[in-house]
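Enquirer: Respectively, the protein sequence lines represent chains A and B.
Per my numbering: the first sequence = residues 1 to 190.
Per my numbering: the second sequence = residues 1 to 570.
Heads up, a few of these hints could be off.
As the list claims (entries may be wrong) - Mimicking SDA-like on lysine to any residue, the simulated pairs with C-alpha atoms at most 25 Å apart in a straight line are: (1) Lys82/A with Lys75/B; (2) Lys194/B with Asn235/B; (3) Lys185/A with Pro328/B.
Stated by the list, open to error - Distance ranges between label pairs, derived from CB positions: (4) Ile180/A with Ala226/B: 34 to 44 Å; (5) Thr126/A with Asp462/B: 46 to 56 Å; (6) Ala181/A with Asp385/B: 41 to 51 Å; (7) Ala181/A with Gly205/B: 28 to 38 Å; (8) Leu294/B with Ile165/A: 44 to 54 Å.
Stated by the list, open to error - Computed footprint of chain B on chain A, listed as stretches where at least three residues anywhere in the stretch have a Cβ under 8 Å from a Cβ of chain B: (9) 51-59; (10) 75-86; (11) 109-121.
Derived from the structure by calculation, the hints contain no laboratory data.
Every residue gets a Cβ at the ideal spot worked out from N, C-alpha and C, and that includes glycine.
The primary structure of each chain is shown beneath.
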Amino acid sequence: MNRRHALRHIALISGGLALIPSCDFSKEDILAAYENLKITATQKALIASISDSIIPAGEIKGALDLAVPDFILVMVNDCFTKENQEKFTAGLEAFPEYAEKTAGKKFADLSSKEKETLLLQGLALTGDENPEETVLAQVGYFLSSTKRFTIQGYMVSEYIQTEIIPYSLIPGEYNGAVLIADIQKTRVNG
Amino acid sequence: MANLNLRSTQERTYQAIVVGSGISGAWAAKELCDLGVKTLMIERGPDVTHLKDYPTTNMLPHEFPHRGQLTEKIKEENPVISKCYAFREDAMHFFVKDAEHPYVQEKPFDWIRGYQVGGKSLMWARQVQRWSDFDFEGPARDGFAVDWPIRYKDIEKWYSHVEKFAGISGFKDGIAQLPDGEFLPGYELNVVEKYFAETMKKQYGGERHVISARCAHIHGSAEAFAAQGRGSCQNRNLCQRGCPFGGYFSSNSSTIPWALKTGNLTVRPDAVVHSVIYDEAKGKATGVRIIDRLTKEVEEFYADVLFINAAALNTNAILLNSTSTRFPNGLGNDSGVLGKYVAFHNYRARVSGEHEGHAEYTTSGGRPTSGYFPRFRNVYKQETDFLRGYAAGFSAGRGSGPDTSGIGMDLKNNLLNPANYGPWHVGSHMMGETLPKESNYVALDSSLKDEWGIPQLKVSMDYDDNDEKMVKDYIEQMSEMFTKAGFTNIQSSDSKQAPGLDIHEMGGVRMGKDPKTSMLNANHQLHAVPNVYVTDGSSMTSTSTQNPSLTYMAFAARAAHHAVAESKKK
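Isolated chain A, as found in the complex:
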């Protein structure tokens, strides 16, 4: 095992928080935990910030409290095809400029309301053959993937499934004709 491998190994064991020195991809260090992606700590922080806007903390915990950014990156790293990974990272790279162009400010400097407006706009993006449109489509793809995994990582988390809406391993006898009007549900306030 060479030094780089050894470091990578340690990084994996220590939950992927360590940074691996690297000189071939970018000026900033690449997070080694996501070995198929070339993601920097700054980019991960951006994803975290976006997921925080998608599901913020309130009366109950939000996406950031449940390590959702990690989940997003694990899913993109492990379960996306190479092609979709490239689309995702291209969108991620293009997002800061898109945000500044569209909202007139850096994403980090926007108010929560402005962030929401921008993200809703970005989520609606699709593109066609035109190269500029392609970049916009990549931004749209990046945002919709991030949103999808934010929802999944949040809803299928230990916190939600044990404390908020307990998941039952034993769902009970089937009832094939339940009147919706009869269903009593306690409202959960986010």
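Position chain B against the provided structure of chain A, taking the given hints into account.
Expert: Below, chain B alone, put in the same frame as chain A:
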């Protein structure tokens, strides 16, 4: 072949040997043991002990790193097994990975395998519909394959025998092509499925039925199964992980522990059967030659009676590899039909739709089964331009999906309080009978070998014109029936999936009356080597439309009793 005599011959001699511990093998072993026969059950894969070896059975969804999904790496490494609906993060350890056991696809064939004690009985879909004389008389009536040497009356009491032990839930529906059995309380159809069933009855003069599919789950009182250590199904729908309640039937939860309790069963996991040993002087089979999966050491085991139930295609492979002076082309293969006339079920087409009605209803809880369309085509007489017919699955469901359109606190509150009931979704998939043909076959590859030096199996199966017509008819008929029920947004699809993904491959060691055209007689014995029995999927003369596992169980029990009766005659 070294190490043959490390242990004495006597130590390696049993009264019966069963090769395979899946549904049919373990049933044969259980019956033999109940009848006092000292039995060795050989399994090529590792042991899986009930309760102890179900590592994921009580895991919560969030405990799976990818929430159940397969990673790209696993998909890339396993293009075949990744296609199987049950090969997911929670149960993939029970499936054979592509690289572990290569085979030759002369034509595309998705071979789905489970190499462990219990075989595929751990991950099966647990559907158990009886066959009828419309199936057993099919080849003779419609002029394909060869006539089955048995009829429903020969197998009826064995269906009852295995159903009572396995635990089958269902309703007595009184349908000629789907005989009733020994049922525990059935699982009722939901309100939309019932509506569809009623509509079909009215629209088609009582000739088309939608019923609750019979399934191998303990429903209602589990008292009769306490002796097996099994309890009621808890509607978890996590069956493929192995059930801690023993709620569904598997070899692991039922027949194997039962047989072990008799004191007559020895289980030998990690033993890859190389071949059946044929004694030219005695004129019978005397045992099997195995290769230890891990040490690669060769060992022989001996017995008076052998059951080869290694799963349909692997039983073919073992017999093909069992050559001798008497049988140069494979054990019992005087006819030359060994490996030929293999067939499967045609699962290519689906029809789906939506139902705007019954909007005031939804469902709650879980159930281990759904609706079922028994075959209605060409049942009493030939009506279409294709032979035989298809059964179909049918189910209706409704979820309360959240509105995910927004973002921020709006989205969060919508996710936590899902209130959006869309229309009911209805769906159906076909299960078509295919015709066994000489041109669909398996054979041993002449050069490629597996890790144990055994020739790889070459599979050559394909659809034919009859199957294409059946796909078309299923789509037309199901779309018409959905239309008549007022369903909307009706969509159909033909996956064109390769044979194999149905996991109902059958034949190659078919039963028949004539030794010149078949391998097995009416008692499941090789015509030419009567102390060898085969009762797994390889023995099937035709495929019916019904899921075949229940019939393998019945065949295995019937054959075991026959073998014991024969030995008493001597």
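Enquirer: Per the hint of 28 to 38 Å, is the separation of the Cβ atoms of Ala181/A and Gly205/B within bounds?
Expert: Roughly 37 Å apart at Cβ, these two residues keep to the hinted range, so it holds.
Enquirer: Please check whether Leu294/B and Ile165/A have a Cβ separation lying inside 44 to 54 Å.
Expert: holds (46 Å)
Enquirer: Taking beta carbons only, do three or more residues of the region 75-86 of chain A come closer than 8 Å to chain B?
Expert: holds (count 6)
Enquirer: Given as covered by chain B, does the region 109-121 of chain A meet the bar of three residues or more with CB within less than 8 Å?
Expert: It holds: at least three residues are needed, and the region 109-121 of chain A offers 4 whose Cβ sits within less than 8 Å of chain B.
Enquirer: Do the alpha carbons of Lys194/B and Asn235/B lie within 25 Å of each other, as the hint requires?
Expert: Answer holds: Lys194/B to Asn235/B is near 20 Å, not above 25 Å.
Enquirer: Given a hinted range of 34 to 44 Å, is it respected by the beta-carbon distance of Ile180/A and Ala226/B?
Expert: For Ala226/B against Ile180/A, whose Cβ atoms are near 39 Å apart, the range 34 to 44 Å holds.
Enquirer: Do the beta carbons of Thr126/A and Asp462/B sit within 46 to 56 Å of each other?
Expert: violated (41 Å)
Enquirer: The region 51-59 of chain A covered by chain B? Criterion: 3 or more residues, Cβ-Cβ distance below 8 Å.
Expert: With 5 residues in contact (Cβ-Cβ under 8 Å with chain B), the coverage given for the region 51-59 of chain A holds.
Enquirer: I want to verify a distance hint. Is the separation of the beta carbons of Ala181/A and Asp385/B within 41 to 51 Å?
Expert: holds (50 Å)
Enquirer: Below or equal to 25 Å on CA atoms is what counts here, so check Lys185/A against Pro328/B.
Expert: violated (71 Å)
Enquirer: Taken at face value, is the distance from the CA of Lys75/B to the CA of Lys82/A at most 25 Å?
Expert: This hinted pair holds, its Cα atoms lying about 13 Å apart.
Violated hints for the displayed structure, listed by number in ascending order: 3, 5.
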